[in-house]
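**Student:** Chain residues, written in single-letter form:
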Amino acid sequence: MKRLPAAVPPSVQQIANETAVPKEMPHLAGKPNSDFMVDVIKSLKIEYVYSNPASSFRGLHESLINYGKNTMPEFITCMHEESSVAMAHGHYKASGKPQLMLCHGTVGLMHATMAVYNAWADRVPIIMIGGNDLDAAHRPPGVPTYHSAQDIGVLVRDFSKWDDMPVSAQHFAQSFVRAYRYAMTPPYGPVLLSLDAGLQDAPVDDPHLYIPRYVASAPPHADLNALREAAKLLVAAENPVIVVDKVARTEQGMKSLVQLAELLQVPVVDQMGRMNMPNTHYLNHTASAQNLIRNADVIMGLECRDFWNTVNQWIDNGEEHGHGLREQRIKPNTKLITISSMELNTKSNFQDFQRFQVTDIGMAADAEASLPALIEAVRSAIPSDKKAAIEKRGEALKKSYQQARERQRQTAALGWDASPISTARLNAEVYNAVKNEDWSLVTSTGNTSGWSERMFKMDKHYRWLGSSGASGLGYGLPASVGAAHANKALGRFSVSIQGDGDMMYAPGALWTAAHHKIPLLFVMHNNRAYHQELMHLQRMANRYQRGATYEKTHTGTGIEDPNIDFAMLARSMGLYGEGPISDPKDLGPALRRAVERVERGEVALLDVVTQPR
Amino acid sequence: MRSLALLTIMSLLSVGALAQTPAADSTPPGNAETGKKLFVQYGCYQCHGYAAHGGAGPRLAPRPLTFAALSRYIRQPKGEMPPYTTKVLSEQQLADVYAFLRSVPEPLPVDSIPLLKSN
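Chains as they are written, first to last, in the working numbering: chain H, 1 to 613; chain W, 1 to 119.
Next up, chain H with everything else stripped away, as it sits in the complex (with noise of 0.2 Å):
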């Protein structure tokens, strides 16, 4: 038998392709049709697309950076698609302002999928584009055949409002104002278009381009008969409870739900979806969230993702079957009333629906915009014999609150010099050495058991920018590098508490932040594990009576043997990298130099080793 050779030599045409001076190319007269598409993207403003590059788009990517002159849009260099998506994520929900992401419409945009989903359940807008090479009788062979597909769309279309692949320089103008529009009219999300590398490179041929002026659509409003018959609700119940999770859009949404509250004098529960309520006001009562649910006789919902599991109770405990037991938290006759966009763009396959609940009143609408109505409609309800018990229930209300706050103090001070560092600790040095800043806490990943919602004065919209949408880990890092660049812009200091597990999805981003001058502080709440999964074993091992040691439980879940030092990948990157931290005393001095840094525009990192929780 003939022997093979251990490495097949190049061919003639590779070493050609590899080494030979590139052949001249024809000299193209007139305007491409790429130039024509970012004046289309102009028109938008969108100030950044965030991309890794590739070839499939490489007639767009030149426009912007000749014909465009890389402002509005500027590029940024990404170092995974994901992470692209999760900036453009964060900067949104930093600025309000949807971004760009451009990416291969195949491998790109399969490594973008987890950020896209992440991005729908978030309900949050991003306007991708895929480049992609159809004309297969014309596309270069090998990797840019690798790169091409019939239909992109479907890689994203269960997760995304909206997907199209204009085969005309008017009819990509044309759909992308339409992706725009659709992609910030409530609920908001992400859309894709598909872009031929063809389209891209051939010249304008149509004398009558025209770019569609972008007009916002108003959003989707409650019905008002509906609207009153819920104020009455609530006008006439003992003990309302108002739920929110993602009301507030932007920081009107805020004021109106305060408003709200404070007309009716009704205890809010925020699950900090959005920074909806004021954790400094009275009436936010999230940390009686469970007694109050319990002995409500009215609950409204407002924009909850799961609305079942707020009136309802599941524990993990095997029972029933090994499902878990399910008990209902309301009384029986409790009336529950929901205000939701979510239901207005559903899909079947991926089940961000949640379980079913049944209720009294549901409006099929945007909360926020529908706040205003409901605040007349319940100020118009009002008798006036109602107003005496109505303040009452508001002075009982400051009160609890107040006995609430205590309460987390004492709670804070357990633990207080452990080392690994406390949670809560962790939370109170590093809010310590922010607050005098114009503070944004970006993310918050890796969950440190509320604290960041208890220890951080929660005054303003910006103060919390909500988590990932559907928990996909590799959304902390790049979400907040994505909200810190807007918050730049708006004279903001970014502050992110950063799992070590998201961390490392795409550490990448660490460069993008540092390469692109973006301040930000990372404060890692590194408790060398998976740990959710870590509990999750100990959770089946008691639960079939094998029980599982340390070693066990790490198996698969922990994330030490080598610890990371992620400080130096930090510095590696260009950051100011300190760490590991574990002595509690320590924290406060390394937070005043990373501050420091900050402050002077670089981008900081500190490795704090923390309690699991």
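Everything labelled a hint here was simulated from the structure, so no lab data went into it. Be a bit skeptical, because a hint or two may be false.
[To be verified] Straight line, CA to CA, 16 Å or less: simulated EDC-like cross-link-like pairs of lysine to aspartate or glutamate: (1) LYS488(H) <-> ASP206(H); (2) LYS37(W) <-> GLU551(H); (3) LYS398(H) <-> GLU602(H); (4) LYS232(H) <-> ASP385(H); (5) LYS255(H) <-> GLU376(H); (6) LYS399(H) <-> ASP385(H); (7) LYS78(W) <-> GLU602(H); (8) LYS517(H) <-> GLU602(H); (9) LYS78(W) <-> GLU319(H); (10) LYS31(H) <-> ASP206(H); (11) LYS387(H) <-> GLU238(H); (12) LYS117(W) <-> GLU406(H); (13) LYS78(W) <-> GLU327(H); (14) LYS457(H) <-> ASP438(H); (15) LYS78(W) <-> ASP316(H); (16) LYS387(H) <-> GLU262(H); (17) LYS31(H) <-> GLU62(H); (18) LYS488(H) <-> GLU319(H).
[Unchecked claim] Taking CB as the label site, the calculated pair distances span: (19) TRP308(H) <-> LYS78(W): 17 to 23 Å; (20) ARG329(H) <-> PRO77(W): 15 to 21 Å; (21) ARG63(W) <-> ARG228(H): 50 to 56 Å; (22) LYS460(H) <-> ARG63(W): 35 to 41 Å; (23) TYR544(H) <-> ARG63(W): 28 to 34 Å; (24) THR86(W) <-> ASP158(H): 46 to 52 Å; (25) LYS69(H) <-> LEU108(W): 55 to 61 Å; (26) GLN150(H) <-> LYS78(W): 41 to 47 Å; (27) PRO77(W) <-> LYS398(H): 33 to 39 Å; (28) THR86(W) <-> TRP308(H): 33 to 39 Å; (29) GLN403(H) <-> ARG63(W): 16 to 22 Å; (30) TYR73(W) <-> THR359(H): 34 to 40 Å; (31) LYS78(W) <-> THR359(H): 26 to 32 Å.
Predicted model, so just to flag it, every value in this text is computed and none were measured. Cβ atoms here follow ideal geometry from the backbone N, Cα and C, with glycine treated the same way.
Following the hints, position chain W against chain H.
**Tutor:** Frame of chain H, contents of chain W only:
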């Protein structure tokens, strides 16, 4: 990748701490040093923290429940707590863990902690 963060927070905010003034009666002898190791080895720290101060689960110390009450809860818990039957944690091991919990000192007075005073 799933997270039970919200569930954890809501539970934490509302569940009372599993600790109170201990009763002196019927507490079996245990070794606090051994108990401290078992506390980590068998995963108690995962939810309650290395100092038993609380985390995803409530605080266990200082001032733990009586041994009888703690034992009853650990063997047949009602809530999120996974059960620790005698097959998983023997009576003696539980006694050692209990000795550790009783050895945990009182926290600093909250008003002596500047960061909490100003909160």
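**Student:** Indicate, hint by hint, whether the structure satisfies it.
**Tutor:** Hint check results:
1. Annotation: proposed proximity of LYS488(H) to ASP206(H) is violated, straight-line Cα distance about 41 Å (limit 16 Å).
2. Note on LYS37(W) and GLU551(H): the hinted pairing holds, with a Cα-Cα distance of about 13 Å set against a maximum of 16 Å.
3. Taken as a hint, the LYS398(H) and GLU602(H) pair is broken in the structure, with Cα atoms around 42 Å apart against an allowance of 16 Å.
4. Proposed proximity of LYS232(H) and ASP385(H) is supported: the alpha carbons are some 15 Å apart, at most 16 Å.
5. Annotation: proposed proximity of LYS255(H) to GLU376(H) holds, straight-line Cα distance about 14 Å (limit 16 Å).
6. A distance of roughly 23 Å separates the Cα atoms of LYS399(H) and ASP385(H); the hinted pair therefore is violated under the 16 Å criterion.
7. Straight-line distance between C-alpha atoms of LYS78(W) and GLU602(H) comes to about 50 Å, which puts the hinted pair past the 16 Å bound.
8. Distance restraint check for LYS517(H) and GLU602(H): the Cα-Cα separation of roughly 7 Å lies within the 16 Å cut-off, and the hinted pair is therefore satisfied.
9. Only pairs whose Cα atoms come within 16 Å are accepted, and LYS78(W) paired with GLU319(H) is accepted, the gap being roughly 11 Å.
10. Between LYS31(H) and ASP206(H), the direct Cα distance comes to roughly 11 Å. Compliance with the 16 Å bound is thereby established for this hinted pair.
11. Our distance criterion of 16 Å between C-alpha atoms is met by LYS387(H) and GLU238(H), whose separation comes to about 12 Å.
12. Simply put, LYS117(W) and GLU406(H) have alpha-carbon atoms about 10 Å apart, close enough for the 16 Å limit, and the pair holds.
13. As the CA atoms of LYS78(W) and GLU327(H) are separated by approximately 12 Å, the hinted pair is consistent with the 16 Å bound.
14. The hinted pair formed by LYS457(H) and ASP438(H) meets the criterion: a straight-line CA distance of about 12 Å does not exceed 16 Å.
15. Restraint check for LYS78(W) and ASP316(H): the C-alpha separation of about 11 Å stays at or below 16 Å, so the hint holds.
16. With a C-alpha separation of about 12 Å, the suggested pair LYS387(H) and GLU262(H) falls inside the 16 Å cut-off, and the hint holds.
17. For a cut-off of 16 Å, the pair hint linking LYS31(H) to GLU62(H) stands: about 12 Å separates their Cα positions.
18. For a cut-off of 16 Å, the pair hint linking LYS488(H) to GLU319(H) is broken: about 50 Å separates their Cα positions.
19. At roughly 21 Å, the beta-carbon separation of TRP308(H) and LYS78(W) lies within the given 17 to 23 Å, and the hint holds.
20. Between ARG329(H) and PRO77(W) the beta carbon distance is about 19 Å. The supplied range of 15 to 21 Å therefore holds.
21. In this structure the hint that ARG63(W) and ARG228(H) lie 50 to 56 Å apart at CB holds, the actual value being about 52 Å.
22. Against the hinted window of 35 to 41 Å, the Cβ-Cβ separation of LYS460(H) and ARG63(W) comes to about 39 Å, which satisfies the hint.
23. Judged by the Cβ atoms, the range 28 to 34 Å given for TYR544(H) and ARG63(W) holds: they are separated by roughly 33 Å.
24. Between THR86(W) and ASP158(H) the C-beta distance comes to about 48 Å, which sits within the given range of 46 to 52 Å.
25. One distance hint, 55 to 61 Å for the beta-carbon pair LYS69(H) and LEU108(W), holds here, with the actual separation near 59 Å.
26. Taking the beta carbon of each, GLN150(H) and LYS78(W) are about 56 Å apart, not inside 41 to 47 Å as hinted.
27. Distance hint check: the CB atoms of PRO77(W) and LYS398(H) are about 36 Å apart, consistent with the given range 33 to 39 Å.
28. Restraint check, THR86(W) to TRP308(H): a C-beta distance of roughly 36 Å satisfies the suggested window 33 to 39 Å.
29. Roughly 20 Å separates the CB atoms of GLN403(H) and ARG63(W), a value that falls within the hinted 16 to 22 Å.
30. Checked against the given bound of 34 to 40 Å, the beta carbons of TYR73(W) and THR359(H), roughly 36 Å apart, stay inside it.
31. At roughly 29 Å, the beta-carbon separation of LYS78(W) and THR359(H) lies within the given 26 to 32 Å, and the hint holds.
This entry does not satisfy hints 1, 3, 6, 7, 18, 26, going by the numbered hints stated previously.
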